[in-house]
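A.B. asks: Chains as they are written, first to last, in UniProt numbering: chain A, 1 to 401; chain B, 1 to 688.
Warning: the hint list may mix true and false statements.
Here are the simulated DSS-like pairs of lysine-lysine, each with C-alpha atoms no more than 25 Å apart in a straight line [claimed, not checked]:
no., chain 1, residue 1, chain 2, residue 2
1, B, K89, B, K237
2, B, K162, B, K113
3, B, K308, B, K292
4, B, K568, B, K313
5, B, K162, A, K226
6, B, K89, B, K139
7, B, K425, B, K459
8, B, K678, B, K334
9, A, K172, B, K142
Note that these hints are calculated values from the structure, not bench results. Note that this is a predicted model, so its numbers are computed, not measured.
Spelled out from the first residue to the last, the chains are:
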Amino acid sequence: MAKNATEQRTETDSRIDWGIIFCVLMLALIGLASIYVAATHDSSATSITSAVVSQLVWYVIGTVAIIIIMQFDSEQLWKVAPVLYGLGIFLLAAVLIFYSRAYYINTGARSWFAIGSLTFQPSEVMKPAFILMLARVVTEHNNQNPLHTVRTDWVLIGKLILWTLPVAVLLKLQNDFGTMLVFFAIVGGVLLVSGITWKIIAPAFAIVGGVGGTALALVTTDAGRKILEKIGFQAYQFSRVDTWLHPSQDTSNNGYQLWQSMKAIGSGGIFGTGFNVSHVYVPVRESDMIFSVIGENFGFIGGCILIFLYFLLIYQMVRVTFDTKNVFYAYISTGVIMMILFHVFENIGMSIGLLPLTGIPLPFVSQGGSALIGNLIGIGLIMSMRYHYKSYMFSRNDAFK
Amino acid sequence: MKNFYNRVSNRNQRSGGPQRSQIPFRLNFLFIIVALLFAALIGQLAYLQVMYGSKFKAEVNSTDTTIETTNVQRGMVYDSTGKVLVGNKAHQAISYTKGVNVLSTSMYDIANKLGNYLTVSTSSLTPRQSIDYYLTDQKRLKAVESKLSGTKGLSTTALYNKALSYLEDDSSFKLTKTQKNAAAIFAKMSGAYALSTTYIKDSGVSSQEIAEIGEHLSEMPGVQVGTSWSRNYPNGKSMNSIIGTVSSEKTGLPSDKVNELLAQGYSRNDSVGQSYLEQEYESVLRGTKAEKQVEVAGNNTVTKEVKKYGGQKGDNLQLTINSKFQSQLQSLVKSAEAGAGGNSTGTYAVVMNPNTGGVIGMAGVDRNPSTGKTTDNALGTINSDIVMGSVVKGAMVSGALMKGVITPTNSTLTDMPITVGGVKKSSWFNHGGGSNIAVNAAGALEVSSNSYMMQLAMKEAGFNYSSGAALTMSTKAFDIERGYFKQFGLGVKTGIDLPGESAGLEGSSSFAHIGNALDLSFGNYDAYTVMQVAQYMSTIANGGTRIAPHVVQSIRGTTSNGQLGAVKSTVEPKVLNTIDMTTAQKNLVKEGLYDVVHGSNTYKTGGAMSSITPKISAKTGTAQTYYKGNETVTLSLASFAPSTHPQVVVALAMPNLGVNAESNNMTLAKKIYAAYWKTVQSTSTINQ
Numbered sequence: 001m002a003k004n005a006t007e008q009r010t011e012t013d014s015r016i017d018w019g020i021i022f023c024v025l026m027l028a029l030i031g032l033a034s035i036y037v038a039a040t041h042d043s044s045a046t047s048i049t050s051a052v053v054s055q056l057v058w059y060v061i062g063t064v065a066i067i068i069i070m071q072f073d074s075e076q077l078w079k080v081a082p083v084l085y086g087l088g089i090f091l092l093a094a095v096l097i098f099y100s101r102a103y104y105i106n107t108g109a110r111s112w113f114a115i116g117s118l119t120f121q122p123s124e125v126m127k128p129a130f131i132l133m134l135a136r137v138v139t140e141h142n143n144q145n146p147l148h149t150v151r152t153d154w155v156l157i158g159k160l161i162l163w164t165l166p167v168a169v170l171l172k173l174q175n176d177f178g179t180m181l182v183f184f185a186i187v188g189g190v191l192l193v194s195g196i197t198w199k200i201i202a203p204a205f206a207i208v209g210g211v212g213g214t215a216l217a218l219v220t221t222d223a224g225r226k227i228l229e230k231i232g233f234q235a236y237q238f239s240r241v242d243t244w245l246h247p248s249q250d251t252s253n254n255g256y257q258l259w260q261s262m263k264a265i266g267s268g269g270i271f272g273t274g275f276n277v278s279h280v281y282v283p284v285r286e287s288d289m290i291f292s293v294i295g296e297n298f299g300f301i302g303g304c305i306l307i308f309l310y311f312l313l314i315y316q317m318v319r320v321t322f323d324t325k326n327v328f329y330a331y332i333s334t335g336v337i338m339m340i341l342f343h344v345f346e347n348i349g350m351s352i353g354l355l356p357l358t359g360i361p362l363p364f365v366s367q368g369g370s371a372l373i374g375n376l377i378g379i380g381l382i383m384s385m386r387y388h389y390k391s392y393m394f395s396r397n398d399a400f401k
Numbered sequence: 001m002k003n004f005y006n007r008v009s010n011r012n013q014r015s016g017g018p019q020r021s022q023i024p025f026r027l028n029f030l031f032i033i034v035a036l037l038f039a040a041l042i043g044q045l046a047y048l049q050v051m052y053g054s055k056f057k058a059e060v061n062s063t064d065t066t067i068e069t070t071n072v073q074r075g076m077v078y079d080s081t082g083k084v085l086v087g088n089k090a091h092q093a094i095s096y097t098k099g100v101n102v103l104s105t106s107m108y109d110i111a112n113k114l115g116n117y118l119t120v121s122t123s124s125l126t127p128r129q130s131i132d133y134y135l136t137d138q139k140r141l142k143a144v145e146s147k148l149s150g151t152k153g154l155s156t157t158a159l160y161n162k163a164l165s166y167l168e169d170d171s172s173f174k175l176t177k178t179q180k181n182a183a184a185i186f187a188k189m190s191g192a193y194a195l196s197t198t199y200i201k202d203s204g205v206s207s208q209e210i211a212e213i214g215e216h217l218s219e220m221p222g223v224q225v226g227t228s229w230s231r232n233y234p235n236g237k238s239m240n241s242i243i244g245t246v247s248s249e250k251t252g253l254p255s256d257k258v259n260e261l262l263a264q265g266y267s268r269n270d271s272v273g274q275s276y277l278e279q280e281y282e283s284v285l286r287g288t289k290a291e292k293q294v295e296v297a298g299n300n301t302v303t304k305e306v307k308k309y310g311g312q313k314g315d316n317l318q319l320t321i322n323s324k325f326q327s328q329l330q331s332l333v334k335s336a337e338a339g340a341g342g343n344s345t346g347t348y349a350v351v352m353n354p355n356t357g358g359v360i361g362m363a364g365v366d367r368n369p370s371t372g373k374t375t376d377n378a379l380g381t382i383n384s385d386i387v388m389g390s391v392v393k394g395a396m397v398s399g400a401l402m403k404g405v406i407t408p409t410n411s412t413l414t415d416m417p418i419t420v421g422g423v424k425k426s427s428w429f430n431h432g433g434g435s436n437i438a439v440n441a442a443g444a445l446e447v448s449s450n451s452y453m454m455q456l457a458m459k460e461a462g463f464n465y466s467s468g469a470a471l472t473m474s475t476k477a478f479d480i481e482r483g484y485f486k487q488f489g490l491g492v493k494t495g496i497d498l499p500g501e502s503a504g505l506e507g508s509s510s511f512a513h514i515g516n517a518l519d520l521s522f523g524n525y526d527a528y529t530v531m532q533v534a535q536y537m538s539t540i541a542n543g544g545t546r547i548a549p550h551v552v553q554s555i556r557g558t559t560s561n562g563q564l565g566a567v568k569s570t571v572e573p574k575v576l577n578t579i580d581m582t583t584a585q586k587n588l589v590k591e592g593l594y595d596v597v598h599g600s601n602t603y604k605t606g607g608a609m610s611s612i613t614p615k616i617s618a619k620t621g622t623a624q625t626y627y628k629g630n631e632t633v634t635l636s637l638a639s640f641a642p643s644t645h646p647q648v649v650v651a652l653a654m655p656n657l658g659v660n661a662e663s664n665n666m667t668l669a670k671k672i673y674a675a676y677w678k679t680v681q682s683t684s685t686i687n688q
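Bound-form chain B, shown alone:
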């Protein structure tokens, strides 16, 4: 047993002379390094476990539980009489709830199994989804990868992408019908978020499919047989332009609001109101999702499920709109428009309760003059700006009374043509100045005197009129007139509970346009919506309170048998402002509006409506307008009934009629009142 090594060393010793070996010192040095490195480990370990142990413990406990949510039925929409406008149709549905860290391979197995019993639409299956499905099978993936070249040093992801693009270019790659079906299911499962439920098939599930899946449910973890809902409209879709739409599970959350909605706890495939009432009352209609607290252990198995909240169907909306009357109104408006022809751009009408602001009906038709095509657009009543004409005179007179330029006892002025800076403006009956008559405020409304209104405007602005002189009036005139108009709702948003309302359009207020300040006084300059006109007339009718119109009357629950339940909250009239006028002043204006229909002056403008019962007070309007350079006439009307204690306001506008149109507005108003007293309210309920 001669040590080879000693022999070598001994020889060295002899030849090289004694030299102290470095090894003991170097080994000790190495040993010190070992000790230092281990000390570093223990140091970091102490930092993690001793100093921050409790923090990590808290972190671990906090991530242990997750909330699993399930969708609930959306609230329904009823009309004022309790008729269902928007309901929910239940469908048998197959849903899938993804667990925590479910492997794609196990989803692949479930998809294949489920595909045996369930047929889904494969029309929206993308090639990429087909390939993802195909490659989830490891054997196929390997087979495809073996065909690839240049895979050296690629990461798993890069390799997968390469396999993907290989199959994308491979024209012979095609799934069988069965595989396609499973691929569509797999795609839906993959798209789901952990612990949230997605529908694999939400309509048209056959009873055979339900039965077969039910039998094999235990083999397919996460798959459930349940119910899905879609919106349906049992009384037709005529009111859809007011009610709006919801996003479907397929389209997902609206992309422009997706982050905001996710933050509010929506899932990506939830239904959410996209427009109008569905959007405005989303928080009421959506209901509260069922919540299940799921405890997940460290190994990702669900250890405990606690039902925290059973979920609550969304609350129902009851509208102030009477759907039967609404459809009558819509067809009246439509037939009025049908007879208009020419350059007519539409007809719009609003019927509302002046005391509550509740909208009973709102209807509109848009017309394209070049094609003659008409489309229903009830929202035209809140978003179409129209130069209304003389209907605004009630607000003008009220403003002058409030300003004090006229008083109930001293309001008489002479109607005469107004000539300023070479331009003559006059009332309809007195173009030449041959019919100069003295009228008080009520009389001016009765005969619809433009001259009177212009004189009020100049008085309000402190301008002394002398015939033929230049109109050197301050541009403050615009602000003064508009200020009073706005108190009645003309030129401001009405505050209706629908999105997309217009505030109207204001003409230029520069001195170059100072002549228009006179036009403004009789409604021939700024543009307003029909809803604004209705609010203005309501404000006069109810004695000076401007109330926000609303289409939702109350929010109601659901009874156990699914019917309209108890009232949870009622929309109270929302007062926007009150008009600071004395009773005498108010009465003067009301008197004028009554005389428009029932007065004794031969020039009264609303005599054609005197036959309406109960008696109405009104103001008509005729504006000179232009459509693409052609002269047109816009007719409008604002009215309330009964004159003595108003219950209903009717406002309408018919822009761009032919120049000879005269009484279309009154004809339509008559029909609307007839329909109202027949359908909504009986005349016997009021004392005339």
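Next comes chain A alone, as it looks inside the complex:
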């Protein structure tokens, strides 16, 4: 009896991906420590303990969400995907009416619900729902069209655009450009893995590069800006690009945040100033600018460790995908990888002047409940793969088919 129970547990243990848990746990610890440092040094209204404790509470809620999601196997996920997608769209639409006025005044984006002191950003939890839906659409398409041709690939692209369009429109209405980019990144990643022929991907890369280059050229000239204004870009977006290209030029207004962040990180040097030693004030460093705390306190070594943790996390996700050899799962994990990759790259990149500023948090580290829940749900999806993998171990194919 006892032996049987132990075996049972060992089996359960091996179904849990400890590597991913380790990475997320480490990131959570770094996050809590960084929020503590930010709260200690900033004269914000909330107290240090409440900042740290509320983040902890969100972690607990997220963990519960992971446990629940782990109970879903792929078939259930498949079925629930359209429901979640619909629910997400509903929330995204609802927030346009019931958005928090206070947050809107502060940020200019209608992206938050607020009930009392509790705030919630539906676009964050929309991300995993969107990933599920995309994975289902791609799987279905590939099953109907087992042979990739340029034509069927275009049809697939068309389908993905149709599914992305409602989200993009709603986010545009919310005035949340940064989050919209995350969704585009997810679509891009899923498209790549979906097996679309290089005949489309290679030119697409070239076009994206060309458009990006042209946009940059337009932004840096006056005449170009007039054209962009006609298309619907706004002055604040231009000034962000200006700030990005010349961080030390205008440090009083738009560039202040970036320059402070670069100063903080740069002054960290190789080894950092040490835990809880901060000399540079960086606005909103508890959330979007959290990397400035890590960079300043722990220096180049700390920054590298953090980036390595993310790398390790993504590696684990790829491993799971390879292990489970399930196509649907492969698209899900691609979506989650893209979501985390984009967040990490954009957030750290903007903190160190590599990319323009956007309001994108650092996954598992930045303060902010909804983003944390969204990312933890993503982790939950990955963990459910390993969790259910054993159960159909013997019925699986030897290769992705």
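Dock chain B against chain A, hints included.
C.D. replies: Only chain B this time, still in chain A's reference frame:
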């Protein structure tokens, strides 16, 4: 536990035949992208932290400390006898020092609190300031914003501006009296720069207000009870035209110089000298601000305050001007002007020490002939250009001696009317040529011979005069005469330590005006200031040294009890040039000037002043002038006393008197000398 997915895939496998999955390769490809992007992050991180880490560290350390400054009392101005001309009146004041990155909401709270205890003037409160105050309260802002339409997609700033213009158009928007008071306080706080002090209320603070604010100081960070100063004039404002004014805290720095002054470390609301002495000696009077080094931590809290420098009250100016004499001089000038009437445009007089250049008194009255209104204008002595007439003859004779066209032993010429090109010019006593007399240089000065001066001018220019012939003299004559005049200070800036001095006016030097070269020789062509005449006479009186006049005698500190302190520096006579004349030449000129008053010739021009004691030497001047087409006479006078060893120079001018005016200049001179020896210096201090 049938996998839905395998079922689908299996079916596919059966129907579509085996096809190698793309997923492993694509996933690996994606993974490589991840690795590349992360490598880019680490690359940039290395660039920032490893390569430029030390540079950023230096940058961070350098911005850590800031200097907080506090104003000090401005230096005072005293007259030559130690009487206060300009003092500072201290007021109890409430000031506010803005910290680093203080939020407007916290300033709003402080303003509201301070408003409970302090009443300030709301007269200069603009509607915009009222609205800014009103909207700083987030609840009110939200309430206003909810009334707006078309706010979609607006940035915070645009939304705020919209709310602002909404309230501007809203006629029902009105602050209560209490709110207005707080809004005025808030406006002043908002206008302040970080770490600099601004006055919320700088005068008329009641003792009750001080007491109440003092009790609640700790609740209002940045608010302080202190002192502010304003300029006051305990001996009247009669000398304000010389002393000038300072900008007030309200008006701020003069807008035309604001950038220059900011660069010198002034704050926008500092007082700064705007005119005359206050401006000229700004660097002395301003003092040195108290400095406090403030260390600001990364989170913008002040961690350390070190008093670096306690501040130093501005140094005081002691003037050469005797204020009592100055006011006597001013009233003498004024009463002389009052009796003039007609087309008289003013009266100006300068009294100075010929040996040091120290101005003892300078007074002037401007008159508007069309209204008859007179205004005090002591600066008319340095900025009014007047055709002076014969006073310049001393310089003309000196020039001829230096040029060598006459010598002390051989200077006799015949005074006769000069006829050139059909125009006859003559001395006052010899219009027809019936009184031709032989005069030497001293005699020519004594009788004020125009003819003699014209003959000197022609000799200097190398022109051989023959009566009635055309004056084909070179225009160099102008340069030669003016060259000598300028050595004495006529026609050049005197170098006085007051801004706005005129260099005089020169008539045209073209050949068409060559006849005027003769007029120039007896002072009827170019225009000079009274200060120039005083400098010219001083140069003769002191034996040939042209000294810059000055009104500031010394710069002095302040004693611990606020009295006039030790001399920090004395203004030394500033020699501009010396006159290259032999003693015999100088004596000849001096002799002539003495004879003007005390000579034996019946035609002597200054006999009316012979009664002045101690004896004076002088030269009078009468110029034929015109005011708006009407013939007028300008009287002038340059003199020094005592004749033997000069201590004081009196110069004056009375432009555009009636044609019959004759001795107004001498009458005024008599009164000035009487006042001088009574008020400034006792005659017993000199040996006559």
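A.B. asks: Against the structure, test the hints numbered earlier, and report the numbers of the ones violated in rising order.
C.D. replies: 2 and 6
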